[in-house]
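> Protein chains in written order, with our numbering: chain A, 694 to 931; chain B, 694 to 931.
There may be inaccurate statements among the hints.
Here are the simulated DSBU-like cross-link-like pairs (lysine-lysine), alpha carbons at most 30 angstroms apart as the crow flies [what the hints assert, rightly or not]: (1) Lys851/A / Lys916/B; (2) Lys881/A / Lys875/B; (3) Lys913/B / Lys741/B; (4) Lys913/A / Lys881/B; (5) Lys851/B / Lys875/A; (6) Lys848/B / Lys696/B; (7) Lys875/B / Lys913/A; (8) Lys881/A / Lys913/B; (9) Lys913/B / Lys851/A; (10) Lys916/A / Lys806/B; (11) Lys830/A / Lys916/B; (12) Lys913/A / Lys806/B; (13) Lys913/B / Lys848/A; (14) Lys913/A / Lys913/B; (15) Lys881/B / Lys875/A; (16) Lys913/B / Lys830/A; (17) Lys916/A / Lys696/B; (18) Lys916/A / Lys913/B; (19) Lys913/A / Lys696/B; (20) Lys806/A / Lys916/B; (21) Lys875/A / Lys913/B; (22) Lys875/A / Lys875/B; (23) Lys851/B / Lys916/A; (24) Lys916/B / Lys848/A; (25) Lys916/B / Lys913/A.
Because the hints were derived from the structure by calculation, they are not lab data.
As a plain string of letters, each chain reads:
Protein chains: 2
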Amino acid sequence: MIKSQEHEYQHGSTTCQGYWAVDESKSGTRPGILVAHEWGGLGDYVKKRCAMLAEMGYVAFAPDIFGKGVRAATFPDCEKISKPYYEDRQLTRARAKAGLDILAKHPLVDTAKLAAIGYCFGGIVVLELARSGADLKGTVSFHGQLSTPNPADAKSIKGKVLILHGAIDPVVPPAEVAAFEKEMEDAKVDWQLVAYGGAVHTFTNWNLPTSGMPAAYNEKADKRSWQAMQNFFAETIA
Amino acid sequence: MIKSQEHEYQHGSTTCQGYWAVDESKSGTRPGILVAHEWGGLGDYVKKRCAMLAEMGYVAFAPDIFGKGVRAATFPDCEKISKPYYEDRQLTRARAKAGLDILAKHPLVDTAKLAAIGYCFGGIVVLELARSGADLKGTVSFHGQLSTPNPADAKSIKGKVLILHGAIDPVVPPAEVAAFEKEMEDAKVDWQLVAYGGAVHTFTNWNLPTSGMPAAYNEKADKRSWQAMQNFFAETIA
Chain A
694 MIKSQEHEYQ HGSTTCQGYW AVDESKSGTR PGILVAHEWG GLGDYVKKRC AMLAEMGYVA
754 FAPDIFGKGV RAATFPDCEK ISKPYYEDRQ LTRARAKAGL DILAKHPLVD TAKLAAIGYC
814 FGGIVVLELA RSGADLKGTV SFHGQLSTPN PADAKSIKGK VLILHGAIDP VVPPAEVAAF
874 EKEMEDAKVD WQLVAYGGAV HTFTNWNLPT SGMPAAYNEK ADKRSWQAMQ NFFAETIA
Chain B
694 MIKSQEHEYQ HGSTTCQGYW AVDESKSGTR PGILVAHEWG GLGDYVKKRC AMLAEMGYVA
754 FAPDIFGKGV RAATFPDCEK ISKPYYEDRQ LTRARAKAGL DILAKHPLVD TAKLAAIGYC
814 FGGIVVLELA RSGADLKGTV SFHGQLSTPN PADAKSIKGK VLILHGAIDP VVPPAEVAAF
874 EKEMEDAKVD WQLVAYGGAV HTFTNWNLPT SGMPAAYNEK ADKRSWQAMQ NFFAETIA
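Full structure from sequences and hints, please.
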């Protein structure tokens, strides 16, 4: 009963190809979830997450941060296509906001109940969107980087923040976690961080092997973090 | 329908006065939860937690770590009566184990489903009990201290561990958290830690004012941590 489809839209001169998943067999507005992709671009993994969210009753939209057709399969290519967005956070915010605007205009979305989740690089995307002052009731980062050139902007965060973190993630080391916690405290944000023992980077991605560095799938941490997100949504956008 | 009562028992030459809460109107065995008190001794706060657990369908038993009548109302007295148990962890483990044995003998307890929770000093109690190799499927610390003189003993931990931590708790500083995480990783324990932004020491205790240092009640962190415990129980002793 889930309808999912590609969705082409413009951000300035950039053509983007996002992705919808929504259960159109049910009537009535519902919360809308923005789902931000990893550094390789919008692919099957976040599409599946969108479908899972739609099955839970949400409208899910994955914005295309890099632009139509900009996708990568190898690590060097991932690094290459994502680098501009790691470096230019204003561009990343604007591109994410274009996606949020699309989501908010969906006729089945209750615009008072918007949230955003992001994976790895997508964690940066949704946190920067929150720091820009976007109207998000909740922001969730799954194994995302936490650093920002604009920590003072955290004072603009309007909703609550949940960080789901691999305790031994070499990509998001303790010093980065500590700086983020200070950023959140200084700005008096309502935030929580869950550290999953034994979990490294990308711990929710079932396409990875279950061991290895710096990234591996960890089924327990995947399930626990998905549950934590659901509890968080129950509090923020129910 | 909850039956609660004091329960006197011996640990060596020490007379202890623990506390039961159980719904005796229902039949059938169920998981048993040990509930370890704070540094002031077994009082109304953990008794209420026992009642809450009994209402959720568990058999709850609060062991008396300090011995019958050893209770404190002032900080200096709390420090005085708890100090021997901070210092002699073998004594603390043995005293806790005496309580766990009581719990396990209750006719309504399913001995394959034992867990322990502890508050502040009680967090030390349950973690030391776990490190002693006790048959606990789950151990939960609420704003408990995490340090131990016996980190290598973590290899004896049989169940899963959940730490519910105030992110700015001055009593459990970042270095102590980091050392604990290393202890758990080195021993390959299945562990998780949730840090609650804005929460200081004793954040679950509704008897405290809602601001102040080093301890204060934080209703959001209280509710979220109680929910996290329930999710953890659903995974470990359901």
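> Against each hint, give a clear statement of whether it holds in the structure.
Verification of the hints:
no.: 1; hint: Lys851/A / Lys916/B; in the structure: holds (21 angstroms)
no.: 2; hint: Lys881/A / Lys875/B; in the structure: holds (29 angstroms)
no.: 3; hint: Lys913/B / Lys741/B; in the structure: holds (18 angstroms)
no.: 4; hint: Lys913/A / Lys881/B; in the structure: holds (14 angstroms)
no.: 5; hint: Lys851/B / Lys875/A; in the structure: violated (35 angstroms)
no.: 6; hint: Lys848/B / Lys696/B; in the structure: violated (37 angstroms)
no.: 7; hint: Lys875/B / Lys913/A; in the structure: holds (19 angstroms)
no.: 8; hint: Lys881/A / Lys913/B; in the structure: holds (14 angstroms)
no.: 9; hint: Lys913/B / Lys851/A; in the structure: holds (17 angstroms)
no.: 10; hint: Lys916/A / Lys806/B; in the structure: holds (21 angstroms)
no.: 11; hint: Lys830/A / Lys916/B; in the structure: holds (18 angstroms)
no.: 12; hint: Lys913/A / Lys806/B; in the structure: holds (20 angstroms)
no.: 13; hint: Lys913/B / Lys848/A; in the structure: holds (20 angstroms)
no.: 14; hint: Lys913/A / Lys913/B; in the structure: holds (26 angstroms)
no.: 15; hint: Lys881/B / Lys875/A; in the structure: holds (29 angstroms)
no.: 16; hint: Lys913/B / Lys830/A; in the structure: holds (16 angstroms)
no.: 17; hint: Lys916/A / Lys696/B; in the structure: violated (36 angstroms)
no.: 18; hint: Lys916/A / Lys913/B; in the structure: holds (23 angstroms)
no.: 19; hint: Lys913/A / Lys696/B; in the structure: violated (36 angstroms)
no.: 20; hint: Lys806/A / Lys916/B; in the structure: holds (21 angstroms)
no.: 21; hint: Lys875/A / Lys913/B; in the structure: holds (19 angstroms)
no.: 22; hint: Lys875/A / Lys875/B; in the structure: holds (22 angstroms)
no.: 23; hint: Lys851/B / Lys916/A; in the structure: holds (21 angstroms)
no.: 24; hint: Lys916/B / Lys848/A; in the structure: holds (25 angstroms)
no.: 25; hint: Lys916/B / Lys913/A; in the structure: holds (23 angstroms)
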